[in-house]
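**Q** Sequence:
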Amino acid sequence: MDGRRRNPYELTEDTPVYVISVAAQLSGLHPQTLRQYDRLGLVSPDRTAGRGRRYSARDIELLRQVQQLSQDEGINLAGIKRIIELENQVAALQSRIAELQAALEGAAATMRQREAAVHASYRRDLVPYQEVQQTSALVVWRPKRQQSD
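Residues in the sequence shown are numbered consecutively from 1, following our numbering.
No wet-lab data here; the hints were simulated from the structure. Idealized CB from N, CA, C, for every residue including glycine. Just to be clear, a hint being listed does not mean it is correct.
[What the hints assert, rightly or not] Here are the computed distance ranges between Cβ atoms for each label pair:
{"hint": "1", "residue 1": "T12", "residue 2": "E73", "range": "25 to 35 Å"}
{"hint": "2", "residue 1": "L26", "residue 2": "D72", "range": "12 to 22 Å"}
{"hint": "3", "residue 1": "S136", "residue 2": "L104", "range": "48 to 58 Å"}
{"hint": "4", "residue 1": "A109", "residue 2": "A137", "range": "48 to 58 Å"}
{"hint": "5", "residue 1": "T15", "residue 2": "R112", "range": "39 to 49 Å"}
{"hint": "6", "residue 1": "R51", "residue 2": "L93", "range": "28 to 38 Å"}
{"hint": "7", "residue 1": "L93", "residue 2": "T15", "range": "21 to 31 Å"}
{"hint": "8", "residue 1": "T12", "residue 2": "A92", "range": "15 to 25 Å"}
{"hint": "9", "residue 1": "T12", "residue 2": "R47", "range": "12 to 22 Å"}
{"hint": "10", "residue 1": "S95", "residue 2": "A117", "range": "29 to 39 Å"}
{"hint": "11", "residue 1": "R123", "residue 2": "P8", "range": "50 to 60 Å"}
{"hint": "12", "residue 1": "G50", "residue 2": "E73", "range": "28 to 38 Å"}
{"hint": "13", "residue 1": "H119", "residue 2": "V17", "range": "52 to 62 Å"}
{"hint": "14", "residue 1": "R51", "residue 2": "A116", "range": "54 to 64 Å"}
Kindly generate the complete structure, drawing on both the sequences and the hints.
**A** Right, here's the structure in full:
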């Protein structure tokens, strides 16, 4: 979602507006076929208060896809149901990946801001350390032994 309020009267492709007879006509299927697809869980339209089916444009497209897979590809209804489930799962995962990428980018931006704040807080009056030339001198250190009483 984009965070803006949607007009409740705005029609989208998910708005359930088509009764079963119109949905059947638009999809090229018989109304009884739509009822069977609903019973099998292939295409689940919204319901009115009186339990009447209302199909959206997305539902109509899904009906066409089911018909194409069944007729043209020869896939049985159980296979089609599994394909639809997997496509929905892929879409959900892609959405989750997008959410996580946005969160990661936000965290990286916050980290860059904090890093810049730390760098800006450095004291400017300190002299940079310059490394001493290396020599070949060997220094041996031995701790003093403690005398016991």
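**Q** Hints numbered earlier in the text: which of these fail when held up against the supplied structure?
**A** As far as the earlier hints go, not one is violated by this structure.
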